[in-house]
Amino acid sequence: MINHDPGSSPPLLSVNKLRVSFRVGSGINLPVIDTADFILEPQGSLGLVGESGSGKTMLCRTLIGTLARHGAVINGGNITFSGQPITNLGESEWRKLRGHQIGYIPQSSMAGLNPILTIKSQLSEVVKHSTGGSESEVRREVLGLLERVRIPRPTAVMRSRPHQLSGGMRQRVIIAAAIAQGPKLLIADEPTTALDVTVQSEILALINELREELGMALLLVSHDLAVIEEMCSLMAVMYAGATVEVGPTENLISSPNHPYTRALNTSRTDKARPGDLLESIPGDAVSVGHWPNGCRFWPRCPIADLDCQDGLQPDLLAIEQRASACIHSDRMEVTD
Amino acid sequence: MNNTLLECRDITVKFGRGSDAFDAVSGASVKVGENEAIGIVGESGSGKTTLARVLVGLQTPNQGDVLLENKSLDSVQNSAGISQNDRWKVQMVFQDPYSSLNPMLTAKTAVAEAIQVWTRCSKNTAMNEAIELLGDVGIPPDQASQLPGNLSGGQRQRVSVARALAPKPKILIADEPTSSIDQSAQAQLLNLLRRLQEERKLAIIFISHDLNLIRYLTSRVYVMQKGDIVEQGPTEKVFLKPSHPYTQTLIQSIPGSKSDTTKIVDNSGV
Amino acid sequence: MSFAMSLKTLNREALVGILIIVLVILLGIIVPIASPNDASGFVADPLAPPSMSLPFGADHMGRDLFVRTFAAARLDIVLALLGASVPIVVGTFIGVLTGAAERKIAGALWDALINALTAFPEIVLVLAIITMLGGGWDGLLYAIWISRWAQYARLARAKTLKLHESEFVQAAKVLGYSRIRILAKHIMPNVYSEAIAYGLSDFVFIIVVIGGLSFLGMGVRPPTPEWGGMLAEGRIYLQTTPRLVLWPGAILSLTAIGVALFAQGLARHRKEAVR
Chain R
132 MINHDPGSSP PLLSVNKLRV SFRVGSGINL PVIDTADFIL EPQGSLGLVG
182 ESGSGKTMLC RTLIGTLARH GAVINGGNIT FSGQPITNLG ESEWRKLRGH
232 QIGYIPQSSM AGLNPILTIK SQLSEVVKHS TGGSESEVRR EVLGLLERVR
282 IPRPTAVMRS RPHQLSGGMR QRVIIAAAIA QGPKLLIADE PTTALDVTVQ
332 SEILALINEL REELGMALLL VSHDLAVIEE MCSLMAVMYA GATVEVGPTE
382 NLISSPNHPY TRALNTSRTD KARPGDLLES IPGDAVSVGH WPNGCRFWPR
432 CPIADLDCQD GLQPDLLAIE QRASACIHSD RMEVTD
Chain F
64 MNNTLLECRD ITVKFGRGSD AFDAVSGASV KVGENEAIGI VGESGSGKTT
114 LARVLVGLQT PNQGDVLLEN KSLDSVQNSA GISQNDRWKV QMVFQDPYSS
164 LNPMLTAKTA VAEAIQVWTR CSKNTAMNEA IELLGDVGIP PDQASQLPGN
214 LSGGQRQRVS VARALAPKPK ILIADEPTSS IDQSAQAQLL NLLRRLQEER
264 KLAIIFISHD LNLIRYLTSR VYVMQKGDIV EQGPTEKVFL KPSHPYTQTL
314 IQSIPGSKSD TTKIVDNSGV
Chain S
5 MSFAMSLKTL NREALVGILI IVLVILLGII VPIASPNDAS GFVADPLAPP
55 SMSLPFGADH MGRDLFVRTF AAARLDIVLA LLGASVPIVV GTFIGVLTGA
105 AERKIAGALW DALINALTAF PEIVLVLAII TMLGGGWDGL LYAIWISRWA
155 QYARLARAKT LKLHESEFVQ AAKVLGYSRI RILAKHIMPN VYSEAIAYGL
205 SDFVFIIVVI GGLSFLGMGV RPPTPEWGGM LAEGRIYLQT TPRLVLWPGA
255 ILSLTAIGVA LFAQGLARHR KEAVR
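Chains as they are written, first to last, in my numbering: chain R, 132 to 467; chain F, 64 to 333; chain S, 5 to 279.
You may find that some hints are simply not true.
To be verified - Some but not every residue of chain R turned toward chain F, in silico, with C-beta under 10 Å:
| # | residue |
| --- | --- |
| 1 | 256 |
| 2 | 257 |
| 3 | 260 |
| 4 | 326 |
| 5 | 327 |
| 6 | 356 |
| 7 | 361 |
| 8 | 391 |
| 9 | 394 |
| 10 | 406 |
| 11 | 407 |
| 12 | 415 |
Just so you know, these hints were derived from the structure itself, not from any lab. Just so it is clear, CB atoms sit at the ideal spot from N, CA and C, and this is done for glycine as well.
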């Protein structure tokens with residue numbers, strides 16, 4: 132297994148050569164994730180980086196068991212959570228995991244909330260699972276939850292409906308619902324993309340605080356490398372449905388072993404010097420169903436050669452704590 | 064700074080009625096000189112997009128003037144005729160690549176139309192020029208024949224840029240041009256805009272909530288909060304020594320900007 | 005144009021639908037020409053059973069049921085086309101214009117008018133108008149047109165208002181395009197494209213309405229062959245000679261199914277194209 136010490140306790144989440152496809156018509160499968168590989172230790176943090184078409188959204192759905200409603204299935208590889216395989220679970224088994232062991236924060240805060248119900252009634256549902264159920268107990272729990280996510284004026288918020296709250300407040304409510312049962316793993320799918328930057332930093336800080344308080348592991352999906360740098364010690368980079376590099380965030384950013392990772396780094400505006408040209412990646416992101424042969428990145432890769440154009444997407448090659456799917460990673464030199 | 068090319072003075076825009084009325088923009092003044100790249104930065108509700116729309120003529124301000132080369136401009140909605148004012152010299156690239164192109168026109172048709180309206184040349188000439196212009200922004204001929212639905216977000220934005228360049232404007236306003244596209248496409252688009260600015264001596268006004276972007280691209284910046292311009296000045300100076308508390312908060316919120324970096328909370332032993 | 009390019013990738017549903025429609029139309033053209041018998045001529049004994057020269061047998065007046073059924077196809081399909089397309093074209097056009105009107109009062113008046121018109125149950129309106137105008141195929145058409153244009157106007161107006169706010173229309177304004185150009189080249193095509201998609205499903209409805217009205221005696225009058233009329237005439241013989249009703253009924257249903265399949269397939273195709 133990549134970046135996992137065989138001698139220690141089993142990882143919290145282990146994704147191994149995962150393959151997920153859309154069912155399109157009779158017997159036709161459209162793969163959207165071809166090889167996803169990474170490991171997350173208990174209380175660890177992993178950032179999943181990818182652009183559109185990388186498969187990162189489907190990966191989130193796979194990890195919370197909602198593939199079926201999007202017409203997709205797992206058709207290869209395996210996933211274990213706390214040592215148990217979770218690739219073949221039925222809906223009722225997923226319900227035991229979701230919310231209880233695995234918390235989920237979706238990208239759009241409006242999508243996760245019922246627009247008609249008050250915040251109190253929505254959070255009450257979540258809370259009822261663990262408390263006795265008396266009205267006042269539930270109310271106290273909900274209030275406690277709202278305070279935990281540092282919502283100002285929690286009593287007023289309880290009576291409000293989602294559209295009456297700001298984006299940041301709604302996101303806090305979603306986080307409250309996600310952590311209510313004290314899950315071991317928190318999956319956050321671009322949790323701050325739709326928020327203002329000042330609110331973003333507050334929400335990210337909140338997530339960090341809660342992680343420490345509750346001892347949760349974090350799987351953060353983001354396109355923003357700066358956010359991942361700040362929040363996650365490990366990073367997995369996905370391109371066209373495959374994990375192309377995985378390892379400690381610091382290492383991947385300072386000395387990437389895959390041309391795509393390197394390209395993501397050099398096209399960042401926050402690390403660019405004003406006046407310099409950004410090193411952009413030529414061409415466009417490849418969409419599902421149009422994956423080229425060989426390494427999927429080769430048409431846009433500055434160091435690709437004929438070997439890269441044939442066969443299958445290369446496997447991740449592990450070197451110490453990191454792994455890269457580039458067969459020429461030895462040619463990647465530290466340039467900065 | 065060079066001669067002021069486009070300027071707006073004391074712009075106020077009111078929305079809503081009665082007790083719901085509020086100032087989306089209040090008393091804002093912005094100027095941009097020839098070949099300058101400036102930024103207007105703010106979060107949601109700051110009024111930056113409304114101000115951009117005033118500058119480009121889509122929004123009539125309740126108060127204030129817009130001046131191009133020291134001549135007063137009307138908004139496009141009130142203009143009596145195209146030739147009577149120089150409104151066309153200010154063009155815009157919009158934020159949403161998915162609705163800024165007519166879904167029924169191919170890329171080259173959309174650009175050719177703009178060229179034809181402005182040069183009154185034949186359809187063929189316009190089409191050829193369109194293909195050339197699209198090539199210049201990185202859209203090869205086979206992509207130029209596609210409908211927007213078959214192009215990626217980054218490609219669509221580039222088509223929008225080509226279309227905006229058809230009337231040979233002097234000022235380009237880019238309203239959050241990269242917010243809805245992938246990072247790799249973002250870098251391409253930004254490089255393109257900078258190259259075009261140099262080659263065509265364009266003045267560019269970047270509207271964005273992304274401070275890193277503004278810092279990287281512009282030489283002067285205006286910071287907006289709730290309709291007011293709270294700070295302005297040379298970009299580097301505003302970033303390194305922000306004087307207004309809101310600007311300070313904004314800059315501190317940039318991920319990774321804290322000098323004592325928040326250590327990653329991790330007990331995993333990695 | 006998108007329509008032409010995507011025809012190649014139409015799904016099975018839509019293709020089957022088109023095949024059926026084309027088949028019926030072809031038969032509608034060929035059969036009356038190729039057959040020695042005239043659609044309204046008396047060629048056999050009344051209710052003569054099916055034979056080589058009379059594939060469907062004769063109807064209660066001794067006319068060739070086979071030829072009549074497909075001659076009726078011609079008429080019914082043309083009527084349905086006219087009945088469906090005119091409201092779409094005219095109603096949408098009016099809707100776009102009212103949507104583009106800048107004065108709020110004019111807009112509000114139009115809204116009121118169109119809402120009033122669409123509030124009536126369509127069947128009632130059609131019946132009322134056809135009674136006033138007298139029947140026959142022209143009265144039928146006028147009634148259908150008058151009772152149906154308003155809903156397209158409403159749709160078109162709403163879509164036009166929405167399109168005005170879309171970024172590509174804003175871009176057109178910034179680019180200095182004249183109002184007429186924006187309306188004609190940017191707004192209308194987009195509105196029409198949606199109206200036609202919507203209207204296709206109405207086509208099925210129209211076929212049935214025409215058949216139904218004629219059945220009630222208000223549309224096309226005998227002896228002109230027309231499905232609804234044939235159903236009305238053959239009704240009495242349902243017990244003894246059901247084929248008088250079954251054949252026209254079956255071809256009518258088949259046509260309706262063909263159009264429905266096509267409309268459905270097209271709608272699904274459009275939805276998938278967006279994804």
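Right, here's what the structure says about each hint:
Given hint, residue 256(R) at the interface with chain F, is violated; its Cβ is 29 Å from that chain's nearest Cβ, farther than 10 Å. At about 24 Å, the closest approach between the beta carbon of residue 257(R) and any beta carbon in chain F exceeds 10 Å, and the interface hint on this residue is violated. About 27 Å separates the beta-carbon of residue 260(R) from the nearest beta-carbon of chain F, more than 10 Å, and the hint is not met. Interface restraint check for residue 326(R): the shortest CB-CB distance to chain F comes to about 9 Å, inside 10 Å, so the restraint holds.
About 4 Å separates the beta-carbon of residue 327(R) from the nearest beta-carbon of chain F, less than 10 Å, and the hint is met. Hint status for residue 356(R): holds, given a least beta-carbon distance of 8 Å to chain F, under 10 Å. At about 5 Å, the closest approach between the beta carbon of residue 361(R) and any beta carbon in chain F falls short of 10 Å, and the interface hint on this residue holds. Taking 10 Å as the C-beta cut-off, the interface hint given for residue 391(R) holds, the closest approach to chain F being about 9 Å.
Contact between residue 394(R) and chain F, as hinted, is supported at the beta carbon level, the nearest pair being about 7 Å apart and thus within 10 Å. Annotation: residue 406(R) was flagged as interfacial toward chain F, and the flag holds, the nearest CB pair being 9 Å apart, inside 10 Å. A distance limit of 10 Å between C-beta atoms decides the matter here; for residue 407(R) the minimum to chain F is near 8 Å, and the interface restraint holds. A cut of 10 Å between beta carbons decides the hint on residue 415(R): the least distance to chain F is about 5 Å, and the hint holds.
Hint compliance for this structure: hints 1, 2 and 3 are not met, and every other hint is.
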